[in-house]
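Peer 1: Each chain, written out:
Number of protein chains: 2
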Amino acid sequence: MVASPGAMKPNFSLRLRVFNLNCWDIPYLSKHRADRIKRLGDFLNMESFDLALLEEVWSEQDFQGLRQKLAVPYPAAHYFRSGIIGSGLCVFSKHPIQEISQHVYTLNGYPYMIHHSDWFCGKAVGLLVLHLSGLVLNVYVTHLHAEYSRQKDVYLTHRVAQAWELAQFIHHTSKKADVVLLCGDLNMHPKDLGCRLLKEYTGLLDAYLKAQDFQGPEDGYTMVKQNCYVRQQDLSPFPFGIRIDYVLYKAVPGLYISCKTLKTTTGHHPHHGTPLSDHEALMATLCVRHGPPQQSPSPPHGPVEKSLLTRVLREARMELGLGIARARWWTTFAGYATGLGLLALVLLCVLAVGEGPSEVAMLLWSPSVGLALGAGAVFLFHMHETKGLCSIQAELQHALEKAKETQDLGPEPQLAPLPGQQEGDRDEEQ
Amino acid sequence: MVASPGAMKPNFSLRLRVFNLNCWDIPYLSKHRADRIKRLGDFLNMESFDLALLEEVWSEQDFQGLRQKLAVPYPAAHYFRSGIIGSGLCVFSKHPIQEISQHVYTLNGYPYMIHHSDWFCGKAVGLLVLHLSGLVLNVYVTHLHAEYSRQKDVYLTHRVAQAWELAQFIHHTSKKADVVLLCGDLNMHPKDLGCRLLKEYTGLLDAYLKAQDFQGPEDGYTMVKQNCYVRQQDLSPFPFGIRIDYVLYKAVPGLYISCKTLKTTTGHHPHHGTPLSDHEALMATLCVRHGPPQQSPSPPHGPVEKSLLTRVLREARMELGLGIARARWWTTFAGYATGLGLLALVLLCVLAVGEGPSEVAMLLWSPSVGLALGAGAVFLFHMHETKGLCSIQAELQHALEKAKETQDLGPEPQLAPLPGQQEGDRDEEQ
Chain P
1 MVASPGAMKP NFSLRLRVFN LNCWDIPYLS KHRADRIKRL GDFLNMESFD LALLEEVWSE
61 QDFQGLRQKL AVPYPAAHYF RSGIIGSGLC VFSKHPIQEI SQHVYTLNGY PYMIHHSDWF
121 CGKAVGLLVL HLSGLVLNVY VTHLHAEYSR QKDVYLTHRV AQAWELAQFI HHTSKKADVV
181 LLCGDLNMHP KDLGCRLLKE YTGLLDAYLK AQDFQGPEDG YTMVKQNCYV RQQDLSPFPF
241 GIRIDYVLYK AVPGLYISCK TLKTTTGHHP HHGTPLSDHE ALMATLCVRH GPPQQSPSPP
301 HGPVEKSLLT RVLREARMEL GLGIARARWW TTFAGYATGL GLLALVLLCV LAVGEGPSEV
361 AMLLWSPSVG LALGAGAVFL FHMHETKGLC SIQAELQHAL EKAKETQDLG PEPQLAPLPG
421 QQEGDRDEEQ
Chain R
1 MVASPGAMKP NFSLRLRVFN LNCWDIPYLS KHRADRIKRL GDFLNMESFD LALLEEVWSE
61 QDFQGLRQKL AVPYPAAHYF RSGIIGSGLC VFSKHPIQEI SQHVYTLNGY PYMIHHSDWF
121 CGKAVGLLVL HLSGLVLNVY VTHLHAEYSR QKDVYLTHRV AQAWELAQFI HHTSKKADVV
181 LLCGDLNMHP KDLGCRLLKE YTGLLDAYLK AQDFQGPEDG YTMVKQNCYV RQQDLSPFPF
241 GIRIDYVLYK AVPGLYISCK TLKTTTGHHP HHGTPLSDHE ALMATLCVRH GPPQQSPSPP
301 HGPVEKSLLT RVLREARMEL GLGIARARWW TTFAGYATGL GLLALVLLCV LAVGEGPSEV
361 AMLLWSPSVG LALGAGAVFL FHMHETKGLC SIQAELQHAL EKAKETQDLG PEPQLAPLPG
421 QQEGDRDEEQ
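Chains as they are written, first to last, in this note's numbering: chain P, 1 to 430; chain R, 1 to 430.
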């Protein structure tokens, strides 16, 4: 524990080595699970990062095994429980964890899409507060809803809603943090709406774009065709790979973060030739030190950035609007179906009481009960979805009005803390 | 908008008039709803508070009506949407709202307790950030799960879990706030576990206990027998009334809040003789000004307060432990029932294929499907409940360890910001 957070000595620099991996640790379904988790443990033991942030550790037993194995290099650990299956998120830290919290996303797919199962997981964002060398570090780990089809992505609105909730959670909980770090599988490409919304609203910087030294697959891909666990048809629109796992960071003005190195595995385990997961691991070395408050030619939240923010907020609001219309359509449809089911039940009761054909009535009883209950459940679910989407749309609308106000009035220090100036930028997005 | 939050002039004082009411605005169920909402609007229009925080406004139409009516004295307003029915929370503000967010509680009763309906509401805490006279104000409004029976309170664990999530949400989102204000219907008596947990963890002070001038029912009751809408049998263990609605506040060190007056209605409308709701309204006048950092004889988070915190954290952890045991029992029970339902379905299929009595099979088909599906849903719900309770228990455990550490090491400024020193304390709790 530190006596005075934020009081890092003037010439001191803090070096942070961070590991992130979506572990593809699904009991009964993932290939070579036990072996991969064992090798992951060996690797983390050997490398001794400051922080190892993992996603898709769906087996709490595997987490407990890793916790035991990693107790010496990573004395602090936490498993984020949520939903029915769990969030799959966990963290191992070399440094004591001061505070823990989590936020479970309001919307996360549909319960009747059982084959996709995201709804059952309770996707969330986990927060750890660390005190390191006089600095307060807020570390976030998350995993958003999967994208099963890029051409017909029925979960797009939910993912954008999750990206907004993530941005809001980070914004509201990191106001006193000196350094903010977000790692995880966002299931979004760098230029996707949700990804831009997150970055523009929070001011978080992308380690891949800022790294002075990047080693890894072309364009920083974190799912690559070379990985034997990746189904090639999943990558068909992007034959070489996709970048959906991220290390993002920012610091308060007066502090300066640089990403010295970012290494991404290339579809093979760094030492054994077989991959640790179907995703690639990200290993970033960040350096935090004092820096002059204004060095870069244009301020990070100048007029250009503000207009980007209003644009992305407008886009997100529109996407939410489409989602609300769809959710309302389903609510109405399920409402009518429930009514139909109930009507059928009433008719069958009348038939049973009267002298109607009892066998037919008995045969139709189950489907009618099923229709009334099933459609009733769908109705309630889409009522909930509509409320959730309307809530997020109202927040977006409010943020948009405030962003426009500050755009008209000049700099606003509250909306998104200014990140420190960066060096070694790779400006091009993939 | 203010140029520099936290920069209130040295001799300036900020006066805040706050109104809070659980409106009992339930479409089709609440008595004299339209008339009460009309009179509430008239009253708010006449009194022109800085903030009016309302709970149980379950009709969004009523909110929109009030918004229109109150547009002049309260130009800013927000309705917090969540769950299936809604959170029932809304706010009207004389001052611009800078930021809006909300957190929906993970656990909120049981879907099969339809007659209690809390589960369908999506109980939540709403957050507004205001900038007033150079200060950042975080205003929270909430409504926790109702208590239907004090003798056999099956929702106690969920309410304690909600109190913890509320405390965590306030703690993590108010780190840069100069003033924190929480209003709402906590559905907890002042000495109840959840209420103590909330106050000890956040350092929030109770306006009723601190008010220099209190006008209202004995012991600050907010549900009283004189109110014609209160069912007398609900108050049977407490014949004179209960105090479950609160105005709580705190400020950062260096600022000083005093509650000049607290008025509570007494079961009658202030001007017309009939009450506005089954709950009483709270009207507080708070005064924020600069104050010396240490005036009171004992520091507000000295060893005594820290030991109170560890004690209440321990109590809450124990309550969560009991809740987890119950949730696991129900999960197991529902798991067996689901298995039984599935087994019955298999047997009926065998009977139907073979030459068994087809009429009996058809008669048993519906109950078997019902058992399998119903028990399956209960199984999934209690799996979710167990995960949620385990997550909160782990956070409590971590907070307890940290509280113990700081207790051993001396003052820790991070856990709960020190409230300003207060005057006019009424020390006795009811």
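Source of the hints: derived by calculation from the structure; they are not laboratory data.
A few of these clues could be false.
A pair counts as met if it fits within one copy or between any two copies, since identical chains are not told apart.
[Claimed, not checked] Straight-line distance between alpha carbons at most 30 Å, and here's what the computed DSSO-like set of lysine-lysine pairs gives:
(1) K38 x K175
(2) K404 x K176
(3) K175 x K94
(4) K94 x K404
(5) K260 x K225
(6) K175 x K69
(7) K69 x K94
(8) K404 x K69
(9) K152 x K260
(10) K175 x K31
(11) K152 x K38
(12) K31 x K69
Peer 1: A separate judgement is required for each hint: does it hold in the structure or not?
Peer 2: Verification of the supplied hints:
Taking the shortest Cα distances, K38 and K175 never come within 30 Å of each other, neither inside one copy (38 Å) nor across copies (40 Å). Both within a single protomer and between protomers do K404 and K176 lie at most 30 Å apart by alpha-carbon distance, with minima of 25 Å and 23 Å respectively. Taking CA atoms no more than 30 Å apart as the test, K175 paired with K94 passes in both settings, with 24 Å inside one copy and 25 Å between copies. Taking the shortest Cα distances, K94 and K404 sit within 30 Å of each other only across copies (21 Å), while inside one copy they are farther apart (43 Å).
With identical chains, the CA atoms of K260 and K225 are at most 30 Å apart within one copy only, with a shortest distance of 27 Å there and 68 Å across copies. In this assembly of identical chains, the alpha carbons of K175 and K69 never lie at most 30 Å apart, being 35 Å within a copy and 36 Å across copies at closest. Proximity of K69 to K94 under the C-alpha cut-off of 30 Å is restricted to the intra-copy arrangement: shortest distance 13 Å within a copy versus 57 Å between copies. With identical chains, the CA atoms of K404 and K69 are at most 30 Å apart between copies only, with a shortest distance of 27 Å across copies and 52 Å within one.
Within a single copy, K152 and K260 get their C-alpha atoms no closer than 38 Å, and across copies no closer than 60 Å, so neither meets the 30 Å cut-off. Proximity of K175 and K31 under a CA criterion of 30 Å is satisfied in neither setting, with 42 Å inside one chain copy and 44 Å between copies. When the C-alpha separation of K152 and K38 is checked against a cutoff of 30 Å, the pair qualifies neither within a copy, at 37 Å, nor between copies, at 48 Å. Taking identical chains as interchangeable, the C-alpha atoms of K31 and K69 lie at most 30 Å apart only when both belong to the same chain, with a minimum of 22 Å there against 62 Å between chains.
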